[in-house]
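Trainee: Sequence:
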Amino acid sequence: MMAGGEKHLWKITSLRPKEEREKERSDFRVAEEAFGEESKLKAEERRFSDLLPLRVLLTSVWQFSLPSPAERAKMYGTRAGGGSGSRPDWRAAASSSDSRRYQAGDCFSQGEAARRDARDQETSEGQTPSLGLPEPRLGAHVAVPPNPTRRAQLQRVANKELEDLAKWKEQHKPGPITLTPQKLGGSASEAEVRQKQQLEHIQSKYKKKLKKEEYERIKREAEEADILKKKAIQREKANRLEEKERQQEQQRQQMLEEDHYLQTTKFLNRLDRGSSKRTSCETEHSSLESTAWARSHAHRQIQRQEENRILQRMKEEQRKKAELLALKQRQEERMRIEAHQNEQRRGLNISTKI
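The sequence shown runs contiguously to residue 355 in the numbering used here.
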């Protein structure tokens, strides 16, 4: 049986929504996984730091536990005379190798101490370290000791150059700058300068306006020149077309007259080859035909004259329209110039009043 408080708490917990309980479980699981990964990383780092000195020590022991040439010859059965006889004595080699491994720690420390003493002695005597001793090893790398004599020489040269540089800087140090006091601002007073600034500020508006008008005038002149150029091109095209039509009309009229003359001549010849008996009726008929041709020719001449007159009237109207347009443009230009001059006078009057 559970207590009353625990039972009440279980009821409250069980009454929470299912989504909230699932979310709480998932958050707890994620936190547990993150804590587990962090603990694993810390354990790996700790194990690596613990094994690092052991690895260095084992590397040094392995270097000093290698068998000597005599031991290798004994292990592989090679004799001093060069012949190969008995089998290799593995037990003796193993025992000697084991003894070397057991004494590796002491040998390493003693060898390091001996090398350090020899290096200190050679350095104090001014000689380079001897090459008889093996160079210290760090794992798979070889640490090459520096040359103390050359290092001291380079250090002395560097110190001397630094001292020379400091002396040169001290010798070439710039002296103090002395300038005579001057009165700035010119000879004009503050009131005059402020009045000049105000006048320039007022005139700047008119300058901007004049600049804009000048730009518009240049643009308008360019547009008018372009329009006049296009008009001249169109006028030239119209003149060429009119000349072409006139030539075509002349050719057509000439061909018509030639054809009419041929037909008339053919007709007259046929009449001459006819019977010699011609009545007065036939004579009148021929005269009527000649008069009909004359009337048609006169009618065509009248129509052509009427067309020419209409064309001349249209040209005259076009010329008058062009003159009126040019007059209107000149008037607008004159009015614009007068307005511009009035604006300039107004600006000058305002500046003089100020």
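Everything labelled a hint here was simulated from the structure, so no lab data went into it.
Glycine included, every Cβ here is placed at the ideal spot set by N, Cα and C.
Honestly, I wouldn't trust all of these hints.
Using C-beta positions, here's what the derived DEER-type ranges look like [stated by the list, open to error]:
#1 Ile311 x Met256: 20 to 26 Å
#2 Met336 x Glu191: 43 to 49 Å
#3 Met315 x Ala226: 23 to 29 Å
#4 Gln330 x Met256: 30 to 36 Å
#5 Ala226 x Glu339: 46 to 52 Å
#6 Thr181 x Gln204: 36 to 42 Å
#7 Asn343 x Lys245: 49 to 55 Å
25 Å max Cα-Cα, derived DMTMM-like pairs, lysine to aspartate or glutamate [said to hold, decoys possible]:
#8 Lys206 x Glu225
#9 Lys230 x Glu339
#10 Lys329 x Asp165
#11 Lys213 x Asp227
Trainee: Is 30 to 36 Å respected by the C-beta to C-beta distance linking Gln330 and Met256?
Mentor: Distance hint for Gln330, Met256 is violated at roughly 48 Å.
Trainee: Falls inside 20 to 26 Å, the C-beta gap from Ile311 to Met256?
Mentor: Holds, since Ile311 and Met256 (Cβ atoms, about 25 Å apart) stay within the stated range.
Trainee: Between the beta carbons of Asn343 and Lys245, is the distance compatible with 49 to 55 Å?
Mentor: holds, 53 Å
Trainee: Hinted pair, alpha-carbon criterion (25 Å max): Lys329, Asp165. Please report holds or violated.
Mentor: violated, 90 Å
Trainee: Holds or violated: Lys213 and Asp227, Cα atoms, limit 25 Å.
Mentor: holds, 21 Å
Trainee: So does Thr181 sit 36 to 42 Å from Gln204, Cβ to Cβ?
Mentor: holds, 38 Å
Trainee: Using the Cβ atoms, figure out if Met315 sits within 23 to 29 Å of Ala226.
Mentor: Between Met315 and Ala226, where Cβ atoms are some 27 Å apart, the hint holds.
Trainee: Given the hinted pair Lys230 and Glu339, is their Cα-Cα distance within 25 Å?
Mentor: Violated, because 28 Å separates the two Cα atoms, which is more than 25 Å.
Trainee: Go ahead and decide if the range 43 to 49 Å is satisfied by the Cβ distance of Met336 to Glu191.
Mentor: holds, 44 Å
Trainee: State, for the Cβ atoms of Ala226 and Glu339, whether the hinted interval 46 to 52 Å holds or is violated.
Mentor: violated, 24 Å
Trainee: Between Lys206 and Glu225, is the straight-line Cα distance small enough, at 25 Å or below?
Mentor: Measuring from Cα to Cα gives roughly 28 Å; hence the hint is violated.
Going through the hint list in order, the structure does not satisfy hints 4, 5, 8, 9, 10.
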